[in-house]
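Novice: We have chain A; now place chain B onto it with these hints.
One line per chain: the protein sequences are A and B, in this order.
Numbering of the first sequence is given in our numbering, commencing with residue 1 and proceeding in unit increments.
Numbering of the second sequence is given in our numbering, commencing with residue 1001 and proceeding in unit increments.
Calculated directly from the structure, the hints in this document are not laboratory data.
Check the hints yourself; a few may be wrong.
[Said to hold, decoys possible] Below 27 Å or equal to it, Euclidean Cα-Cα: the simulated DSS-like pairs (lysine-lysine) are:
(1) K47(A) - K1214(B)
(2) K1187(B) - K1234(B)
(3) K1234(B) - K47(A)
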Amino acid sequence: MKPVAFHPLARLLHWLMAVLILAMLFVGVSMVSDLSPRHTWLVSLHKAIGLALLLLVLVRIGVRLSLAPPPLPDDMPPVQRWAAKASHLLLYGLMLAMPVLGWGMQSAGGYPLPLQLPALLPHDLPLYALLRQAHGWLAYVLFATVLLHLGAALVHGLVRRDGVLRSMWPGPLPKN
Amino acid sequence: MSTPLHGRPRALRLAAIGLGLTALATGFAYAAGWIGAERLTPKRFIDTFETQAGHYPGYRKNHAKGLCVSGYFLSSGQAASLSTARVFNQSNVAVIGRFAIGGANPHSPDASVPTRSLALQLSTDDGQQWRTGMNTPPVLAVGTPEAFYQQVLAMSPDPATGKPDPARLQAFFAAHPESAAFRQWAKDYKASDSFASTSYNSINAFALIDASGKAHYVRWSLLPQTPFSALPAKVDDNDYLQHDLRQRLSQGPLRWTLQLTLAAAGDAVDDPSQPWPAQRPTVNAGTLVLDQVDAAERGACRDLNFDPLILPSGIRPSADPILAARSAAYSESFNRRSREAAQLGARP
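Chain A with its partners taken away, still in its complex shape (with noise of 0.2 Å):
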C-alpha cells in the first residue's frame, strides 16, 4: 500500500527547517541592512543557524532518498504535477546551495570561518564578489520559492482540500 503521509522523521526535518529557513531569510535580509549592535548579533545568528541547516539538509536528502513519500493526487492535471515537482528539486538545490554558498564566500573573503573549519576556496577577491552575489540573489529566489510553496499547499488544504497539506502535517494525523 502507498503511504498516506511522509514518515514522521521527514515531518519533523520539513517543520524544523522550515522555521529555521524562515528565520534565516529574516536575519539575512535584515542584517545586511542594520548598523546597530544588533547586526553583529545577528551576523553570528546567521553563521550558525546556517551551519545547523547544511547539517539537516545532509540529513533530510538521505531522508527523501530511503522513505518513499506519498504520492500526489491522481486528480492533479500534469502541469501542477511538473510544477510540485520542479518547485520541489529548486528547494532542495537552494537549501543545500545556500549554506554552501555561505561556507564558500567566507573563504574566498579571507574570512576567518566558525569553528574553525577549513576554507572551502582559496582567498580571492573577484571570486568572493560573484559568491556573495550569487548567496544574495539565490536568497530572494528562494523566499520566493518558499512563498509559492506554502501558498500550494494552502491551496491543497483549504481549497482542493485532497489530503496533500495533511500528509505534511506536524501533528498527529488529522482524521479525516
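Specialist: Frame of chain A; chain B shown alone:
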C-alpha cells in the same frame, strides 16, 4: 476525504491565502528595509563617502590610500593574566597590516590628511585571527552612528572652496558637546613626519576575558618607539609618508609598543567619544615589529576586510554602537569593492 470547494467559499479562501502570503512578503520587505521609515544603513554611509570624495572603483571606500606591510608581534606575556587570547602569550605572532591616511580619495596628498590609520591582522598558532583598525585620534567626536553620520554630512566639502564649511562644522560641534575631548585632541595634535613615529588607537573599547571568564575592559594603543619629529610646514611630495616608510624600512624594522589601558568601574566602555582618566593603569602587551612593505596597493592586506569585530577567543566586543557600525560599514565597503574588482577588473 473532503470535496474541493467551489464558488464563493473557494474565492474567499483563495483571497485569504493571497492576503497571508502578501503579509509575509511585506514583512520580508520591511525586514530588508525596502519599505518603512528610512534607516541609517551601511549602504547609506558608503554612498555618502562616495558622493563626497568621488567614485574610485576597486578602492576601499574610506582610508582609501594606503600600503601593505608585514612583520610580527612579540608578546611580553604581561597581558596573559587579563585574556586567554593566544596572542598575549605566543612569543612571536605573524602580522600583516596596512598603513593608510583617512578619507575616501585614494589620490589625496599624504600630508593633507590629519587622520592616519594602521590596520593589523595577527594570526596565532591556534588558528585564530585578530583584526584591528586603529587611528590617530584616541577618541571620536561622537558616540553614536547617527551622530557620526551627521558629522560626516557637516564635513561635506563646500563646492566653492573644496573644504568643509567652517560655520556648518561649528554648528555641528556646538550641537554635540560630547565632542569636547575630540576637539581638544584636534587642537593639540601635531602631525609627525612619519607613519613610524605616529601613535594609533583602538578608539573603541573591548573586553579581555581571563581564564576565570572575568571581563576586563580595555582600549589599546600602539605607541611608536621611533622618536617624534614634526611634519614640515610645506610638503611637495604627494606620497611623502609612503616614501618615508619605504626609506625607513630599507634601513631596518620599525617598532611600536602595544599598550592596553584598563578601564575602571564607571568609565565609558561603550562610548568612544568619552576619554578615560589619564591615571588609568596600563599594561605593555608586547612589541609590534614591522619589517616589510609592499608596492603601493599591493600585498596581502589589499583584499582583506580589517573588520574590528574579527576577534580571537579571549577578546570580545564592547556594546559600543560605533564598533558595530564600523563592522557593518567595512563589510559594505568590502562587498562593493569586491564587485568592482569582479565586474570592472578594478583593483587599486
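Novice: Which hint numbers doesn't this structure obey?
Specialist: Of the numbered hints given earlier, the structure breaks just one, which is hint 3.
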